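Just so you know, the protein sequences line up as chains A and B, in that order.
What the first sequence shows, in my numbering, is residues 1 to 497, in sequence order.
What the second sequence shows, in my numbering, is residues 498 to 919, in sequence order.
Mixed in with the good hints there might be a few duds.
[Claimed, not checked] Cβ pair distances, simulated, as ranges:
| # | chain 1 | residue 1 | chain 2 | residue 2 | range |
| --- | --- | --- | --- | --- | --- |
| 1 | B | G610 | A | I438 | 39 to 45 Å |
| 2 | A | S460 | B | R564 | 17 to 23 Å |
| 3 | B | V575 | A | N428 | 15 to 21 Å |
[What the hints assert, rightly or not] Derived DSS-like pairs: lysine-lysine, alpha-carbon spacing no greater than 27 Å straight-line:
| # | chain 1 | residue 1 | chain 2 | residue 2 |
| --- | --- | --- | --- | --- |
| 4 | A | K348 | B | K522 |
| 5 | A | K478 | B | K522 |
| 6 | A | K149 | A | K348 |
| 7 | A | K344 | A | K149 |
| 8 | A | K494 | A | K478 |
| 9 | A | K397 | A | K478 |
[Said to hold, decoys possible] Okay, the calculated bits of chain B under chain A, using three or more residues with CB under 8 Å as the criterion:
| # | stretch |
| --- | --- |
| 10 | 517-530 |
| 11 | 673-687 |
These are calculated hints, taken from the structure and not from any lab test.
Here the structure is a predicted model, which is why all the values come from computation and not from measurement.
For every residue, glycine included, the Cβ atom is placed at its ideal position computed from N, Cα and C.
Now for the letters of each chain:
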Amino acid sequence: MSDHVDGPRQIGDPAADLTDLFAFASPGNPGRTVLGLDVFPSAGTTAMFSNVVDHSIVVRPVNIEGVGDAARFKPGAKEYRFSCRFSVLEHGPDGALIQRGACTLPGGQELKFVVNDEKGAATADGVFRVFAGLRSDPFILAWLVASLKRFPNLLEHDNVLSIVIELDPRRVFDLGNGSLLGVVAETTPVPGPPTLIGKPPPRFDWVGRPEQTNMRLNNPAMEGTEDLRDLWNQQTPFAIEEELKPLFRQRLIDSLTNWDMRDGKADWTAATLGAAADVYLDDFILIDVSKPTSDTSYLEIEKSTLRGHAYQTGGGRTVNSNVVDIMLSWMVNNDREYLQGGAKSATKPGVNTFPYLASPNTELQTVLESVELSAPPDQVWALIGPFGGTWHPLIAKIRLTGQGIGQLRTIETIDGKQIIERLAAMDNSLRLYRYTNISGIPAVDYTGTLAVKPKGSGSSVEWRVQYWADGQPDIVVKTIVSTLLKTGLEALKKRFG
Amino acid sequence: MNQALNVEVNFPPATDGHIAVVNLKSARAQFWSRFWQAPERSGIAECLVEQEHLAAQFLGDLDAFNRLETLVCEFARVDAEPIRTALIHAQVASMSHRFAEARSYLAQAEDQGAPPAAVKRLALGIDQACGTGIEAVLEARYGMAAESGRLEDLVPLGALLADLREFDQANAIYSQALRAYQDVSPFALAWVCFQLGALWGELVPDTQPIRAAQWYRRAIDYLPCYVKARVHLAEIYSQDGRTDDAEVLLMPAIASGDPEVSWRLADVLNASGRSAEAEVQMQAARSGFEALLQRHWLAFADHGAEFYAGSGNDGRRALALALINLANRPTLRASERAYSAAVGVGETHVAREILAAAANRWGWTGAFRLSPLAAYRAESARSDAGSSASSATTRPNADEARGGLTFSRIDDVHAKSLGAIT
Chain A
1 MSDHVDGPRQ IGDPAADLTD LFAFASPGNP GRTVLGLDVF PSAGTTAMFS
51 NVVDHSIVVR PVNIEGVGDA ARFKPGAKEY RFSCRFSVLE HGPDGALIQR
101 GACTLPGGQE LKFVVNDEKG AATADGVFRV FAGLRSDPFI LAWLVASLKR
151 FPNLLEHDNV LSIVIELDPR RVFDLGNGSL LGVVAETTPV PGPPTLIGKP
201 PPRFDWVGRP EQTNMRLNNP AMEGTEDLRD LWNQQTPFAI EEELKPLFRQ
251 RLIDSLTNWD MRDGKADWTA ATLGAAADVY LDDFILIDVS KPTSDTSYLE
301 IEKSTLRGHA YQTGGGRTVN SNVVDIMLSW MVNNDREYLQ GGAKSATKPG
351 VNTFPYLASP NTELQTVLES VELSAPPDQV WALIGPFGGT WHPLIAKIRL
401 TGQGIGQLRT IETIDGKQII ERLAAMDNSL RLYRYTNISG IPAVDYTGTL
451 AVKPKGSGSS VEWRVQYWAD GQPDIVVKTI VSTLLKTGLE ALKKRFG
Chain B
498 MNQALNVEVN FPPATDGHIA VVNLKSARAQ FWSRFWQAPE RSGIAECLVE
548 QEHLAAQFLG DLDAFNRLET LVCEFARVDA EPIRTALIHA QVASMSHRFA
598 EARSYLAQAE DQGAPPAAVK RLALGIDQAC GTGIEAVLEA RYGMAAESGR
648 LEDLVPLGAL LADLREFDQA NAIYSQALRA YQDVSPFALA WVCFQLGALW
698 GELVPDTQPI RAAQWYRRAI DYLPCYVKAR VHLAEIYSQD GRTDDAEVLL
748 MPAIASGDPE VSWRLADVLN ASGRSAEAEV QMQAARSGFE ALLQRHWLAF
798 ADHGAEFYAG SGNDGRRALA LALINLANRP TLRASERAYS AAVGVGETHV
848 AREILAAAAN RWGWTGAFRL SPLAAYRAES ARSDAGSSAS SATTRPNADE
898 ARGGLTFSRI DDVHAKSLGA IT
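Pulled out of the complex, with its shape left as it was, chain A reads as follows:
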């Protein structure tokens, strides 16, 4: 989400839209470096890479050319490019769709792989290992950014298309002049024969530090300012046009000033804000591959350098780094106080082993059953409206705890199982109640709605349940829920005709 749907150019094909970039030391083997990028914000349970887009992670050595308010990170000219390209879809032996890919490594070696193969592919010498496929989106955005209010993670249950490259930095990068590197990701058109119609853009999207575009250049609290995101995305990474730098720098200063005052306190001086803007203008993730990275080391290199002392960590950005909270704490109060958003972890936190991003989320399931009855709505509601009513034939006993919204019902089924549900909303005038499941069904975020509506001279009962399957295959959970709903409604049909 750090760069999701960030400009008009990205609205065309979501598979070309970069969302995140990662660079960290492998938790299982700190001697190895992991680089990763994500595309396709809010992907569902099946998604494929575009076959006409090159997905690249580009690394350059970086020198520190000043500290304190003169802090500058200057990228070198040497470039290490890891570029993945994907095929059109094929049908596998079982009829399932398959996509293949190839990653061109620095030096030109090509590593082929199959999308969604969790083992990925490795070069014979073990220097490189590559994975590409659908994963759970590890990003945490638990703020309403414009108003800076805490909120549950806005990307809960989303998936993304990820590319993960694990490598041995000592055998890939020339570290003779230092181990500090700058990393960016970009999506560019696959080179092809010239077309007589139009001209492809140099790139579709690029990303360095998270939220450069959506929170700094286009601060949502600064209404009425011109949207510079598209112009920024047209810039060449590591080489922002000199004549545009003053424009971007001023916007960054204005935006950082706004962020600083979000809590009503000025924690930054004009000089330090300007220095920070200069650092942000050189937009890449900084990682020192000779030092350890952690979930809290993101931006440590920049902060230490701006504060005039040597950095201690490898910086980088791990999969589980809560970069928005880290960034907000720095921008809003200069790390005086940690700003914790409304969620501490992503839907599925990243893992310690390759490919480091967790398996994709399953799809929200909806089970909807309804029945038409001859009896008027009030008569039916009188029976099924009470949250503790025992009208369902699969229920042996119900015990209520508490009163009103929030009360719990503990259901004992006729086969001895226990289900606990919580009343979330009750509207007797609409003859509707909503509840959530606490336990007893292998699902999360389980919400049920039972409603009785007039239908001709009789009524109709609609029972809708939504959930994410948890620990059991979708089909198994769906069968459990469907049986529960259908059996209940059939009993009502028998009773009311």
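Here the structure of chain A is known, so what remains is to put chain B in place on it, guided by the hints.
Leaving out everything else, chain B in the frame of chain A:
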């Protein structure tokens, strides 16, 4: 006519159509999941409307209309922000051609302080679809296209120019849209190619089927599942006697459920002498159209009229639907279709009233002079000694320009049609 683009040159690359469809379905499912979790959350419903629009437009997934109705009901039920609710209602109503309802919601949105640009964009679409204030729409479309230079602003301008029979200009604008595109979505590029196919295959007075077929094929190359492009190309093949090719094109599109596919396939099968198979498809088409008309009658009145005027073989129903469509969106093209349907069933008085209304509304335009209705009007004027054909060439007053059809017989037929459909 200038040929701005050669269809055989290399075209802008786009993501493979199969991948794009997988990804559209993926994103759509995810947004529905998000919607059911928190319907009022910013941006979700708006994205769903766009995605369902794509599904209907390109995949022939007409259930999208039902899903959107569910969306607006749920959105209203959860009492989301009034401006968003009104804008989404307006957008969905407009998609279903319920233009009066759409205008009403748009007015609500405006009253509540909706962003003027969002209101203007929707209002323009409605005015264009209804042929209302067309000079102002044209000016606004030119302005938007010049300002953004983007495909999504250029294509509606091209469509408007085509409606106004400014075919060379429409062609040039579509070509510009292709040149301007800077992304890799095959939906956008297939859309322009389809529009160019329709321009050369259906809209110009002397149609150029070979040229149109090239554009339709290009659209299908971009997006193999593009149902409308398959249907239109199959029509050209059929007219050229290539029934086998037409059948090959239509068969994969049957699964979309769009009744137009069954209709055209029935025609192809009949032309191949396979009448029993044709009858099965024709039944599917008839029941498909009726199901759509029952639920979204304004959205499909135009297509239904075309079906019943053709192989659907029910001229009265065709006229009734054409008149409903004409009353809903009194464009020149709707007038032409209604006129033709009225003549087809011998309703000469109705035909004359349609003709008079069209002349009154459009007679002053260049588009009318290129319309077959102009010739009918001239013929009618000659036969009606003393009639005032010249009055048809003056601009209509404001009320007339808003599209009110006030003719008694049309109203009669319209009322009967409403009764028959609703």
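Checklist line | In rising order, the numbers of the hints this structure does not comply with | finding: none
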